[in-house]
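Go by the hints and put chain W onto chain E.
Below, each chain spelled out in residue letters.
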Amino acid sequence: MLKLQHIHKIFNEGTPDEKVALNHINLTLEAGDFVTIIGSNGAGKSTMMNMISGALTPDVGTITINGKDVTNLPEYKRSKYIGRVFQDPMAGTAPTMTIQENLALAYSRNKSRGLRSGVSKARKEIFLAALESLNLNLENRLNAKVGLLSGGERQALSLLMATFTKPDILLLDEHTAALDPSRAALITSLTKELVEKDSLTTLMITHDMQQAIDLGNRLIMMDKGQIILEVSPEEKKNLTIEDLMNEFQRIRGEKMVSDRALLST
Amino acid sequence: MFTALFGSVEQGIIYAIMALGVYITFRVLDFPDLTVDGSFVTGAATAATMITFGYDPLIATLCALLAGFVAGSITGILHTKAHINELLAGILMMIALYSINLRIMGLTTENAVGRPNIPLSSSDTVFTMLHDFWSTLGIDAMLNNLLTATGLTSLPRTWGVIIVMFIVVFIIKFMLDWFLKTEYGLALRATGDNVKMIRSFSANTDNVKIFALGLSNALVALSGALIAQLNKFADAGMGIGMIVIGLASVIIGEAIFGKKTIVRATLAVIFGAIIYRVVISLALQVEFLDTGDLKLITAVVVIIALVIPYAMNKYKEKKRRAKRRAQLMKEVTAMPEGEKPIA
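In order, the protein sequence lines correspond to chains E and W. Under my numbering, the letters of the first sequence match residues 1 to 265, in that order. Under my numbering, the letters of the second sequence match residues 1 to 343, in that order.
Hints listed in this document are in silico derivations from the structure and should not be mistaken for laboratory results. Keep in mind that this is a model prediction, so the values were computed, not measured. Please note that the accuracy of each hint is not assured.
To be verified - Label-pair distances were calculated between CB atoms; the ranges are:
{"#": "1", "chain 1": "W", "residue 1": "321", "chain 2": "E", "residue 2": "147", "range": "15 to 25 Å"}
{"#": "2", "chain 1": "W", "residue 1": "81", "chain 2": "E", "residue 2": "135", "range": "42 to 52 Å"}
{"#": "3", "chain 1": "E", "residue 1": "77", "chain 2": "W", "residue 2": "327", "range": "53 to 63 Å"}
{"#": "4", "chain 1": "E", "residue 1": "185", "chain 2": "W", "residue 2": "70", "range": "48 to 58 Å"}
{"#": "5", "chain 1": "W", "residue 1": "287", "chain 2": "E", "residue 2": "124", "range": "55 to 65 Å"}
{"#": "6", "chain 1": "E", "residue 1": "143", "chain 2": "W", "residue 2": "154", "range": "42 to 52 Å"}
{"#": "7", "chain 1": "W", "residue 1": "30", "chain 2": "E", "residue 2": "74", "range": "20 to 30 Å"}
{"#": "8", "chain 1": "W", "residue 1": "85", "chain 2": "E", "residue 2": "180", "range": "32 to 42 Å"}
What the hints assert, rightly or not - To be clear about the criterion: a stretch of chain W counts as covered by chain E if any three or more of its residues have a C-beta under 8 Å from a C-beta of chain E, and this derived list gives those stretches:
{"#": "9", "stretch": "12 to 24"}
{"#": "10", "stretch": "176 to 183"}
{"#": "11", "stretch": "188 to 201"}
Ideal Cβ positions, reconstructed from N, Cα and C, are used throughout, including at glycine.
Isolated chain E (complex conformation):
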């Protein structure tokens, strides 16, 4: 479904700020895989996601989606196949537009946008049904501007919008990190539900080790631009946080220093 081959990326090459963001990344996702990604800040997780979404282009390497080489495809073309939820709850929706207009934007993702009405009667029914499944009472606020929603509500809507057209690949970039624990738990369970419903191929970055273990069938750990550990579906079933910490120490010969990683244990 998704294949990254020999991906390299260097920022500010030839300057004192030179940083190897990705160093020889190889990763293959089969249809229906749900991979969680952990790693400290600066490990290259977000850079890798930006490569997949098309916001960045790799210096070396190829990216294939469904057997099609998309390495140089611009972001707006690639996003036909890719759904994305950002960390910032403000990032995934248009604040001055209404809930139903936002859903209409999401609905048109894999269609060409023409002069048909964005919110038709038939579509309204689809939007209503989708919103009801969130259980947030948003179905009664179709005409409310999204900027008036709370962070949790907006993130739930972002998630619904990202998965609305059943994209080939779903990218979740720490999408629960900016929420309070109870909202984060809600979004986590919603993520699980939506991904399982359409068995979406998913990549999720998280700093919450327990979440990384609980969700998905595979797990990868990144450090300094490399994938240093891949946990297969069989191994992942019995994985604990302690195992992950020990693995990191064994591979890198140093203790994992991430306050957020420690705090979340």
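Chain W only, in chain E's frame:
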């Protein structure tokens, strides 16, 4: 007095088309587009030149609209493809258009390459055509009779321009309202609202911006073409400060009529443009003020339109808080002794 006001309403309705164009870029696309000062004249120059050559005024006006679309699209291309800053792209296009406009008007004369103005006093324009048609209807006589009954002595020449232009402006408004609710229109609004998000929903934001700038400047040029025909001349300098007038109309309209929905905002912009003209013409009736003070008056009017809504909100909020405080105090004093909070 009445005829002066009547004239400013007449002009205001036509300037409203320009203001709707400015609304598209400034408010919907969130793009401060300064091309307007140039494209307004491009519309006037194109229409005046073609009319001088003997083309049908309607066709000339339509071509002016297209010329504006092209000018706006180029600003969009400069911004999206050449990655030039929004303001700078607009300014560059504006000064480039100044020369181009001279060249366009220069086509009408063999003595020079450029020409700073074209008079249309003896030419057919859309308004002379309108007048010919209108005078057969007899509506003017009817309305003027009504006015004389109220005791007015100075009567407007014709009601045709006001009534027909009102209809035209409202047709444009309804089309714009409709367009901004279509799939493409929603993508346009989202591009102005959260560009990163709409790109992740597979909208080609570059093309959307180019189209929106084209559409906006097409309306501006249409307005320029009509103003040139109404005032019976096109001049290279007639666009100076146009962007400020457009913005003033948008801001005044929104301050008075609100901007909650698209339908309401476009209506507000139209009335904003008319009110702006009326205020200016009233201000010029004041003995002390001179036509040279026009820009200063504009600046003051815009500042007032910006400050008053803010001050009003503050006042309302203060009143709301005072009311709430009074209510809470009443509840506290009604409590039995001993249960009262310490404060």
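Outcome of the hint check:
1. Separated by about 23 Å at the C-beta atoms, residue 321 of chain W and residue 147 of chain E satisfy the suggested range of 15 to 25 Å.
2. The hinted window of 42 to 52 Å between residue 81 of chain W and residue 135 of chain E holds, with their beta carbons roughly 45 Å apart.
3. Between residue 77 of chain E and residue 327 of chain W the beta carbons are some 58 Å apart, a value that agrees with the proposed interval 53 to 63 Å.
4. Our hint of 48 to 58 Å for residue 185 of chain E and residue 70 of chain W holds, since their Cβ atoms are close to 55 Å apart.
5. Roughly 59 Å separates the CB atoms of residue 287 of chain W and residue 124 of chain E, a value that falls within the hinted 55 to 65 Å.
6. Between residue 143 of chain E and residue 154 of chain W the Cβ separation comes to about 48 Å, which falls inside the hinted range of 42 to 52 Å.
7. Between residue 30 of chain W and residue 74 of chain E the beta carbon distance is about 22 Å. The supplied range of 20 to 30 Å therefore holds.
8. Judged by the Cβ atoms, the range 32 to 42 Å given for residue 85 of chain W and residue 180 of chain E holds: they are separated by roughly 39 Å.
9. Using a Cβ-Cβ cut-off of 8 Å, 0 residues of the stretch 12 to 24 of chain W lie near chain E, which falls short of the minimum of three, so the contact claim is violated.
10. For the stretch 176 to 183 of chain W, the stated coverage by chain E holds: 4 residues have a C-beta nearer than 8 Å to a C-beta of that chain, and at least 3 were required.
11. Coverage of the stretch 188 to 201 of chain W by chain E holds [criterion: at least 3 residues with CB-CB distance below 8 Å; count 10].
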